[in-house]
Amino acid sequence: MLRNDEYGVQISMESGIRLQKYLADCGVASRRKGEELIIGGQIQVNKKTVTELGVKVIQGKDVVTVQGKEVKPQEKKIYIMLNKPEGYITTAHEQFGRLSVMDLIEDIEQRVFPVGRLDKDTSGLLLLTNDGEFTYTFTHPKHHVRKKYIAEIKGTPDSSKLNRFKKGLKIEDYTTSPANIRLLASKKKSSIVEITIYEGRNRQVRKMCSTIGHPVVNLKRIAVGGLELRDLPEGKWRYLSKDELKII
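Letter 135 of the sequence shown, counting from 1, is numbered 135 in this note's numbering, and no numbers are missing.
Incorrect hints may appear among the rest.
Claimed, not checked - Calculated cross-link-like contacts (lysine-lysine; reagent style DSBU-like; alpha-carbon spacing at most 35 Å):
no.: 1; residue 1: 120; residue 2: 167
no.: 2; residue 1: 154; residue 2: 120
no.: 3; residue 1: 142; residue 2: 236
no.: 4; residue 1: 207; residue 2: 236
Rather than coming from a laboratory, the hints here were simulated on the basis of the structure.
Because the structure is a prediction, the values reported are computed rather than measured.
Please build the complete structure, drawing on both the sequences and the hints.
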């Protein structure tokens with residue numbers, strides 16, 4: 001049985017799942033990106049454009065299309081590790097001709113999307129999947145997933161600055177959670193540090209380093225959770241191993 005919801009979209013009266021979760025299950029985008037697509041008017045349910053969050057759909061009964069193309073949940077879940085180079089943006093839908101991480105993923109049938117983000121100027125470990133639930137769990141702040149970076153920063157921080165970094169820093173309108181920073185090497189005008197955070201705010205590592213007076217020269221993520229980049233060449237990708245899937 002169908003009805004028109006408050007947005008004028010004809011949907012099943014039975015209980016369903018939220019549209020953004022359905023999009024994630026289809027491998028279209030993560031939940032957050034799915035919300036952006038909905039608000040941007042790029043999603044249709046039963047031939048009606050949806051622009052408000054809150055719509056629910058029934059798999060097999062409601063027809064969901066993205067820019068006119070019907071999408072359905074993908075049964076086979078895949079998990080990919082990419083060594084992202086600098087200069088690539090982390091998005092599954094690039095509209096302005098910029099280099100995207102999706103340009104580096106070839107020869108797979110499933111539609112995948114990035115798990116979280118890496119800044120354009122940051123390289124290193126990036127996960128991609130078509131598993132919306134995994135993405136939601138892995139990126140939600142409450143799970144405090146460890147993210148480890150190697151950074152070259154200007155100058156060499158003294159012990160007081162390192163302690164400030166570890167305790168948490170006031171940045172804009174928030175204070176960062178306790179983090180870890182370890183000095184690995186000192187050069188003439190810069191130093192190499194290992195940084196571990198448990199949050200994923202926009203450009204957080206760069207902002208933290210700038211706050212203690214040592215801006216980032218270059219930044220590479222080498223680990224997420226229990227997964228490590230190791231010797232994966234830059235610009236290349238691979239499927240996660242069985243042991244790595246056990247970790248996640």
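Comparing the hints with the structure gives:
1. 120 x 167: Holds, because 28 Å separates the two Cα atoms, which is no more than 35 Å.
2. 154 x 120: Satisfied, since the Cα-Cα distance of roughly 20 Å is no more than 35 Å.
3. 142 x 236: holds (31 Å)
4. 207 x 236: With a Cα-Cα distance of about 28 Å, the restraint between residue 207 and residue 236 holds, given a limit of 35 Å.
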